[in-house]
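In order, the protein sequence lines correspond to chains A and B.
Note that this note's numbering gives residue 84 to position 84 of the first sequence, counting from 1, and the numbers run on in steps of one.
Note that this note's numbering gives residue 15 to position 15 of the second sequence, counting from 1, and the numbers run on in steps of one.
Think of the hints as simulated: they come from the structure by calculation, not from any bench.
Mixed in with the good hints there might be a few duds.
Stated by the list, open to error - If you want a taste of the chain B side facing chain A, the calculated C-beta under 8 Å gives, among others:
# : residue
1 : Val50
2 : Leu54
3 : Gln55
All C-beta atoms, glycine included, are put in the ideal place defined by N, C-alpha and C.
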Amino acid sequence: MKYIDEFQDPDLARRLLDDIHSTVTRPWALMEVCGGQTHTIIRHGIDQLLPDLVELIHGPGCPVCVTPLEVIDKALEIASRPDVIFCSFGDMLRVPGTGRDLFQVRSEGGDVRVVYSPLDALKIAQQNPRNEVVFFGIGFETTAPPNAMTVYQAKKLGIRNFSLLVSHVRVPPAIEAIMQSPSCRVQAFLAAGHVCSVMGTGEYPELAARHRVPIVVTGFEPLDILEGVRRAVHQLERGEHTVDNAYARAVRPEGNPAALAMLGDVFEVTDRAWRGIGVIPDSGWRLSARYRDFDAEHRFSVTGINTREPAECRSGEVLQGLLKPHECEAFGTTCTPRNPLGATMVSSEGACAAYYLYRRLEITPTRTARTAAPAPTARTAERTATADAPLEASPVA
Amino acid sequence: MCLAVPGRVIDIGEKDGTRMATVDFGGVVKEVCLEYLPDLQVGEYAIVHVGFALQRLDEESAKQTLELFAELGMLQEEFGDPWEQAAQAGGAPWPFTDDSDDSDDSDDVAQEATRQ
Ligand code: SF4
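My request is simple: use the sequences and hints to build the entire structure.
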């Protein structure tokens, strides 16, 4: 157990691991949904400390990775306009669009600014009344409430030169899509703790029951992951499939009611395209009719976007747990953090970046078996089939 | 980006009709919106994501998490200069280091963060 001394409480880590080792009798595949969890797992070698019978599959939970190329291209086009101040979180700077990224837009003279909070972008709008200030609103259920509050504030304060380029995504429909895929191997989920801090656990019991899959709400620190795995494995071995909260210190069953109320006011559920995966029904949010004025896509008619994914990038399969990053031909050769082909290599939470950063370069023997027939979900079949052809703008609502 | 960092409330006030707090994240101090946790008090801990307090946290877990994040360099990742980080990741020197005429807010934010 070469990594275990690095754990914050090595004794507790050892006890959790012993429990997992003595409980497992059969092979199980668990998916950690959140990219933050993926990084903890790889960084601390948790996957290598677990029994061989327990496999961790990396899920789609990295907001930067799943933002569709088409939306990135729209961001690049808006950010290039001379009257626009384009504000974004720092980790979107190097996500490749078709041919360039926000970093390059700034070096070409675009006014791209990085903010810590969406409220900082609103402040910039107040200070620059002659400019249009656009905030890149990406993220899961954790990030959507702050962005919703910012739009609400803009409306309340009558700030007219502020808008949001929205690409928010929701986790439960992604879990649904993964379970519906014919090639799905996932038998239990470690749900993303911070998403549940906002949303609570109410969306999960129905999913767990219908797919007979244990869902354990899990934090993202090393011991949290071990405890999440331990509880999931106990359920699997007993043939149970319930929702279990292993992150009670930050997750209440009801979530954050104030944030939920604001989400319901500012956003409405819509179909969303996920980069590399395709459209997942009801998996996103867009601004509701009352706030449509603040929608950057309406304010700037961003047309003529012709998106082109690099054909060799297999991030869609990585995001669905069908392929491990180092099993991609381009991994570490034509695709590195310096020259990323896909967002999963550039994002600090992306699975490809985690594997690259922590030197997980070995090719597993199961490679051929697992990659022989990457059967995509029904709605992504068409997209995968035409991977070599330039993709027309996908229907992002 | 999805990282939520625990912080301790050191001061509470109001701005544009919004409840705001000054929050200490193991040495980095930032403004945080309290609208989603309106009854959070000075001295209490909460997990904070992109400038919003989202859920209360007990002191012990908060301190442990902060310690761990500091050890792993994750606080620097979260609060350091994002342009510099992006340039480093890309293996290129960031060409706008001499930004003294550019007194926009985002740079203030980044500088504030590195002044730990
Ligand atoms: S290694 Fe690069 S090319 Fe391959 S899936 Fe990951 S991001 Fe795409």
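Enumerated hints in conflict with the structure, sorted upward
As far as the earlier hints go, not one is violated by this structure.
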